[in-house]
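Peer 1: Chains as they are written, first to last, in this note's numbering: chain A, 1 to 363; chain B, 1 to 363.
A portion of the hints provided could be inaccurate.
It does not matter which identical chain is used: a pair holds within one copy or between any two.
[What the hints assert, rightly or not] Here are the simulated lysine-lysine pairs, BS3-like style, with alpha carbons at most 30 Å apart:
| # | residue 1 | residue 2 |
| --- | --- | --- |
| 1 | Lys342 | Lys103 |
| 2 | Lys181 | Lys204 |
| 3 | Lys207 | Lys181 |
| 4 | Lys359 | Lys318 |
Treat the hints as calculated values from the structure; they're not laboratory data.
Predicted model only: the values in this text are computed from it and were never measured.
There are 2 protein chains.
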Amino acid sequence: MAKSQSVEQKLVGLADLVVEAARKKQDPQIEIPVRALSNVRFNERKRIIEMGKATQARTFFNLGMAKKFMQTVLVGDALAELQRQDLTTSLREIYYRTKHTLKDSNENTFDSQDESDPIIEDLEVTLASLREELHVAAEGRGSIVGNIVLVDDGDAIDCTRAGKSGHTVPSICEEPDIRIKRCGADFVLLVEKATQFNRLSEDKFWKRHNCVLLTGNGQPPRGVRRLCRRIHDEWRKPIHVLVDNDPWGYYIYSVVKQGSINLAFESQRMAIPNVRFIGLSSFDPEKHGLPRNVGIKLNDKDISRAKELMGYDWFQKKEWQREIKHMLASGLKYELDALANKDFRYLTTDYLPRKLKDKDWLD
Amino acid sequence: MAKSQSVEQKLVGLADLVVEAARKKQDPQIEIPVRALSNVRFNERKRIIEMGKATQARTFFNLGMAKKFMQTVLVGDALAELQRQDLTTSLREIYYRTKHTLKDSNENTFDSQDESDPIIEDLEVTLASLREELHVAAEGRGSIVGNIVLVDDGDAIDCTRAGKSGHTVPSICEEPDIRIKRCGADFVLLVEKATQFNRLSEDKFWKRHNCVLLTGNGQPPRGVRRLCRRIHDEWRKPIHVLVDNDPWGYYIYSVVKQGSINLAFESQRMAIPNVRFIGLSSFDPEKHGLPRNVGIKLNDKDISRAKELMGYDWFQKKEWQREIKHMLASGLKYELDALANKDFRYLTTDYLPRKLKDKDWLD
Chain A
1 MAKSQSVEQK LVGLADLVVE AARKKQDPQI EIPVRALSNV RFNERKRIIE MGKATQARTF
61 FNLGMAKKFM QTVLVGDALA ELQRQDLTTS LREIYYRTKH TLKDSNENTF DSQDESDPII
121 EDLEVTLASL REELHVAAEG RGSIVGNIVL VDDGDAIDCT RAGKSGHTVP SICEEPDIRI
181 KRCGADFVLL VEKATQFNRL SEDKFWKRHN CVLLTGNGQP PRGVRRLCRR IHDEWRKPIH
241 VLVDNDPWGY YIYSVVKQGS INLAFESQRM AIPNVRFIGL SSFDPEKHGL PRNVGIKLND
301 KDISRAKELM GYDWFQKKEW QREIKHMLAS GLKYELDALA NKDFRYLTTD YLPRKLKDKD
361 WLD
Chain B
1 MAKSQSVEQK LVGLADLVVE AARKKQDPQI EIPVRALSNV RFNERKRIIE MGKATQARTF
61 FNLGMAKKFM QTVLVGDALA ELQRQDLTTS LREIYYRTKH TLKDSNENTF DSQDESDPII
121 EDLEVTLASL REELHVAAEG RGSIVGNIVL VDDGDAIDCT RAGKSGHTVP SICEEPDIRI
181 KRCGADFVLL VEKATQFNRL SEDKFWKRHN CVLLTGNGQP PRGVRRLCRR IHDEWRKPIH
241 VLVDNDPWGY YIYSVVKQGS INLAFESQRM AIPNVRFIGL SSFDPEKHGL PRNVGIKLND
301 KDISRAKELM GYDWFQKKEW QREIKHMLAS GLKYELDALA NKDFRYLTTD YLPRKLKDKD
361 WLD
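If we strip away everything but chain A, and leave its shape as in the complex, we get (with noise of 0.2 Å):
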């Protein structure tokens, strides 16, 4: 569907589609994009995992699909619902509000959340709107501190004023809720865990490098992504991503750059190709010291995932097969936390300002 409807428009459009083949006396069918494996693809071009053009037919006159049609619907329906009174809530209570026992019978509408999720996924590719343009909220917050003034629902937060702590990132990241008022930063540094975000915050690093500090608290959550993302393309900065050294950091940075396997739908508005891995390095255990024994033993399942990523098309660079193969060769993963071995403020004082003076980083 054309992407200058409103998200409302096209609600009502699929509810139209339904009525129109009742109308004509014909089987309602609505065309969903097929989301595996089998309709995903790396683009080299533009450099983010893309879903193909595949569709599947989900019919209500077949067995096999009329429930699946009806939860359709209704979970449209209360999409509609999010949109007029201009609400928005999380997956969850989007199962909560369809679910209901059908007129004289014992079948419910949904009978747990499994069934309510992927219908939502569904209409997100068919609709061609983002699950925040939906009004449905993923899990998970962030924080923001550094050289950035955000307007969240009206007010102006200045981020250097934001104390220690900074202001939490919304699972939704979305004008004309979330704008950008300014950035002065030379460049965003995203942190994959709050204790090293802690330290940088502590030690105003952004202050000295004049940065700014994300974090998502693991993998980072949707609201973080999207804010990166808006951060890179309206104010043209660098985003440097910085997680442990093992696959799992790996795959954290690759969802960042070009999008993930499972959601190739929202590469195109989350993806940021552009972003640079700038540690920790499979090499930087050598570079800076540290002794084997905060290395943590490989395990099977990093040792096969380290080669499936391997053979990942966006991992193909000679730089990235060579970051890799040196990780397996270690028989290590550092976590890092593991910086602090050296000393407490290491990390702030010399890891980080060394690998900026170096360009030490991996596109």
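Add chain B to chain A, keeping to what the hints say.
Peer 2: Okay, now just chain B, sitting in the frame of chain A:
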């Protein structure tokens, strides 16, 4: 040890004990309060869970204790470093900082964080210093909006102008870093989950009902509990706790109210005996006409946990026995999210206003 000494003085005092014993050619020995159920009791007068007075000696010239003794001194040293440099860090970084291989051996000072965490708890109780005073932050942060002005690291944060998502509540909420400059609210609403916090914040519930909204995104982390306690103590504000109706929700409430068995030592600084349980009550589904199909069947673990709660000293009031019995009799638990079944904004427009008007809460 005396409360008036600085934390650094206490840590140095610990080292002095060892030096003095060595000088006298005696076995150095540290008296550590026992952290076990046997040494925990409910103080009826103060209405908090407290530690008793039992202690155990940890000595160096004892094969079974020598390693732990050495570890205690090492962790004490790292904690003193934090005090001298005025830094805060995480449990995990303390582990990395203190880990090394003993000279001319293959023996590590610590093999995993499971060894260093309990030592930090030992030192907490031995030195009568909260983890926050030792400058060790726990995981997890919360968010705050509403009629309160905090000073975080010198920056005044007016939480009526902190957007929808609010200020991040730090892991450590102690003076002098965090000050409560002003609180004009009538009460604090501590909300278990982010979904309801988002709903109430989006609806500006705090404005209409002149309150402060706080969430810890699940079991409230220490920072959120400490901030609540400080708002209660310093500004005499009532605290209302809003949780799911299940044994876990009751438990969250009870930890906020009188502390936990595992960390009984902290109750004196963290527990808030005056907090009220505003919901969800097991009587609410009927009062508010929630259909049974949005309830979730209690499983065996829920049932045994509920019975366990009914046995605790601090759940002996007849209202509480009635509350828990009613949940067991219904066979169902309810999430706050289930209120969305009525209407996405039911929590804001109906449920909470009626609760507040009727003073329909439990002590």
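Peer 1: All hints, please: hold or fail.
Peer 2: Hints, verified against the model:
1. When the C-alpha separation of Lys342 and Lys103 is checked against a cutoff of 30 Å, the pair qualifies only between copies, where the shortest distance is 17 Å, while the shortest distance within a copy is 67 Å.
2. Taking the shortest alpha-carbon separations for Lys181 and Lys204, both the intra-copy value of 22 Å and the inter-copy value of 23 Å come in at or below 30 Å.
3. Taking the shortest Cα distances, Lys207 and Lys181 sit within 30 Å of each other both inside one copy (19 Å) and across copies (25 Å).
4. Taking the closest pair of Cα atoms, Lys359 and Lys318 come within 30 Å of each other only inside a single copy of the chain (18 Å); across copies the shortest separation is 67 Å, beyond that limit.
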